[in-house]
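Q: Below, each chain spelled out in residue letters.
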Amino acid sequence: MIRRLLQAVVVVLLVTVITFILLRLIPGNPAIAIMGPQAYRNPAAIVQFDRVYGFNRPWYGQYWLWLDHLLHFNLGYSYNLNQSVASLLANHLPKTVFLVGISIILALLCAVPIGVVQAVRRNKIVDHFFNGFSTIFYAMPAFLLGILLILVFAIKFPIFPPEGPQGEGLGVLITNFNALVLPIVTLTLITIALFSRYMRSSVLDNLTEDYVRTAKAKGASERRVLLRHVLRNSLIPIATLLGLLLPALFAGALITESVFNYPGMGYLFYQQALKQDYPTLLGIIVVVAVATVVGSLLADIAYAVLDPRVRYVSQ
Amino acid sequence: MSLAGGSPEPIPTDVKPDPLSNIGVAVVAYPGDADAVAAGMLPAGKPRSTFRRGLEVFLENKLAVTGVGIFVFMLLFCFIGPLIYHTNQLQVDFAHEELPPSSAHLLGTDASGFDVLGRLMVAGQVSLEVGIAAALLATIVGVLWGAVAGYIGGFVDSFMMRIVDALLSIPTLFLALVVVSMITPSKPILILVIALTSWLTTSRLVRGEALSLRTRDYVQAMKAMGGGGTRAVLRHIAPNAIGTIMVNATFQVADAIALIVALSYLGLGIRPPQTDWGQMLSNGVQYVYDGYWWLIIPAGFCIVIVIAAAIFIGEGLRDAVEVRLQRR
Chain P
0 MIRRLLQAVV VVLLVTVITF ILLRLIPGNP AIAIMGPQAY RNPAAIVQFD RVYGFNRPWY
60 GQYWLWLDHL LHFNLGYSYN LNQSVASLLA NHLPKTVFLV GISIILALLC AVPIGVVQAV
120 RRNKIVDHFF NGFSTIFYAM PAFLLGILLI LVFAIKFPIF PPEGPQGEGL GVLITNFNAL
180 VLPIVTLTLI TIALFSRYMR SSVLDNLTED YVRTAKAKGA SERRVLLRHV LRNSLIPIAT
240 LLGLLLPALF AGALITESVF NYPGMGYLFY QQALKQDYPT LLGIIVVVAV ATVVGSLLAD
300 IAYAVLDPRV RYVSQ
Chain U
0 MSLAGGSPEP IPTDVKPDPL SNIGVAVVAY PGDADAVAAG MLPAGKPRST FRRGLEVFLE
60 NKLAVTGVGI FVFMLLFCFI GPLIYHTNQL QVDFAHEELP PSSAHLLGTD ASGFDVLGRL
120 MVAGQVSLEV GIAAALLATI VGVLWGAVAG YIGGFVDSFM MRIVDALLSI PTLFLALVVV
180 SMITPSKPIL ILVIALTSWL TTSRLVRGEA LSLRTRDYVQ AMKAMGGGGT RAVLRHIAPN
240 AIGTIMVNAT FQVADAIALI VALSYLGLGI RPPQTDWGQM LSNGVQYVYD GYWWLIIPAG
300 FCIVIVIAAA IFIGEGLRDA VEVRLQRR
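As you go down the protein sequences, you meet chains P and U in turn.
One point on numbering: in numbering that gives the first Met the number 0, the residue at position 256 of the first sequence is 255, and numbering is uninterrupted.
One point on numbering: in numbering that gives the first Met the number 0, the residue at position 217 of the second sequence is 216, and numbering is uninterrupted.
Hint data in this document are derived by calculation from the structure and do not stem from the laboratory.
Just so we're clear, the structure is a prediction, and the values are computed from it rather than from any experiment.
Among these hints, one or two may not hold up.
As a list, the in silico DSS-like pairs of lysine-lysine whose alpha-carbon atoms are at most 30 Å apart [to be verified]: (1) Lys-123/P x Lys-61/U; (2) Lys-217/P x Lys-123/P; (3) Lys-274/P x Lys-61/U.
If we strip away everything but chain P, and leave its shape as in the complex, we get (with noise of 0.2 Å):
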């Protein structure tokens, strides 16, 4: 375990040194940028603002410094916006967290049945309906079903009004929960399509095991079998998936707000990528990256919890 620690905090710097490289990378001169072109009349001008942010001290004193201000929290400042990234994500982070979160939940409670549905009637109709079923919704960007979803339910029968809820505060997210709806549905869907099919590859994997014979030898009911021994078994690696997966609800909660204009962080990531507001693109990378290290860390953690077997092999 200690092991798995040092190889996350390993990953966390490194996305540090990538985010860094990526913030070398971007063309011109932060001076100009940020102060103008006008600014290119006025060298000494450009040489205080270069002492003044360090950008004249050598690349690794630029990247301890950087460093430094993320570790204070402090992920750089929007010129864009005039604000810092951090009160940026203060606002934003919280509506993505809501819809994600909802989502994933909604997500799992139509997956875990429908996973043991196909596996247990594997090669049946059923089955064949709902791969057909996840693999459509796999294989339709967001962004489409976004759209299909807006045209049926917004435009040809208006239920459903096409925007998500806009203001500040998670309090209209609450207030105006019939602007939530769409999006929600949206990732939902998309996401019952990634998680369906590993959990009937779990349940299918689970059914051949030797405690399911035991189980049904000592005369359990094929339904207590499912319930108490097969399905219990098979949530263990979706535990893991969650924290795989993150990384793709993101890309994914990124498409469905610019779709239905839900200002979260993928949307404002969105509009800043279109403006070229770096500081912000990569402080929201960051906090992403992050996110997903300390997520499949978790999920780790919780493997080992909730499967004795595995604490077993790494001792």
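For chain P, the structure is supplied; the task is to place chain U on it using the hints.
A: Chain U alone, transformed into the frame defined by chain P:
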């Protein structure tokens, strides 16, 4: 969601040797071995190669064959189609904009007066070219990275794989968006960006294979004869992992097409006057309130069936390769 940057089903990173397969190896019957033929161990004539057996399993899979059919059809549609169905995709024609489907324009025209069916072909060329080329490049990079890491092992392996972990923790879409916002993307640049952000899963799989392959007798024998590391990686490890690589490459095609289409939809992919299916969709969305369905549905349909076809092919290939793995 195809932006997952991975195959839709878990593929084991280390292949467990099937204990039963060793028993099979103990009673090897060589072709042309008269005793074996006489004993009924082998049918007379040529034995079926693992490739043939794999091919048979693949051909039995109806979905996979359908996938190949769809994919070939879409390639013909996009690259040969314009030679048969002539449309003007260069000059805008505002006299004939946003026309509904009719006999003159089978799928109507878009906001610039381009014939939508013809546009689908031209746009598909970009989506398919970028998707396939990026997947190939990503596969090459991933195979080399994974094979080298797995072959060398030790500290180098851990370090190389931690870099992969770090890159994997950044969503591909986010990374690609940053890069394409720095430079105006053209087709080659998009191929490069997508390839360089999506070789990671391949490298993990190939590393797993390399770890198990490097201990095999024939690799050891080659080393004993004085063969170097480059030879081991290029001549032995990469070719022997070819099954896993092919399966992964097919899923890579699906993911790469999904990524280029998403980038173009967001306005940061291919730029006008060139177009692709994602851009067609994002242009069409502006008219969604007017009920111009033909600006959205056909492009969306193309994206979904091409990606689904690639997934079906990948799944068929995986089943076929598993036949090979069982024999090993």
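Q: Regarding the pair Lys-217/P and Lys-123/P, is the alpha-carbon distance no greater than 30 Å?
A: 28 Å, holds
Q: Below or equal to 30 Å on CA atoms is what counts here, so check Lys-274/P against Lys-61/U.
A: 47 Å, violated
Q: Under the criterion that the straight-line Cα-Cα distance not exceed 30 Å, is the pair Lys-123/P, Lys-61/U satisfied?
A: 15 Å, holds
Violated hint: 3 only; the structure is consistent with all others.
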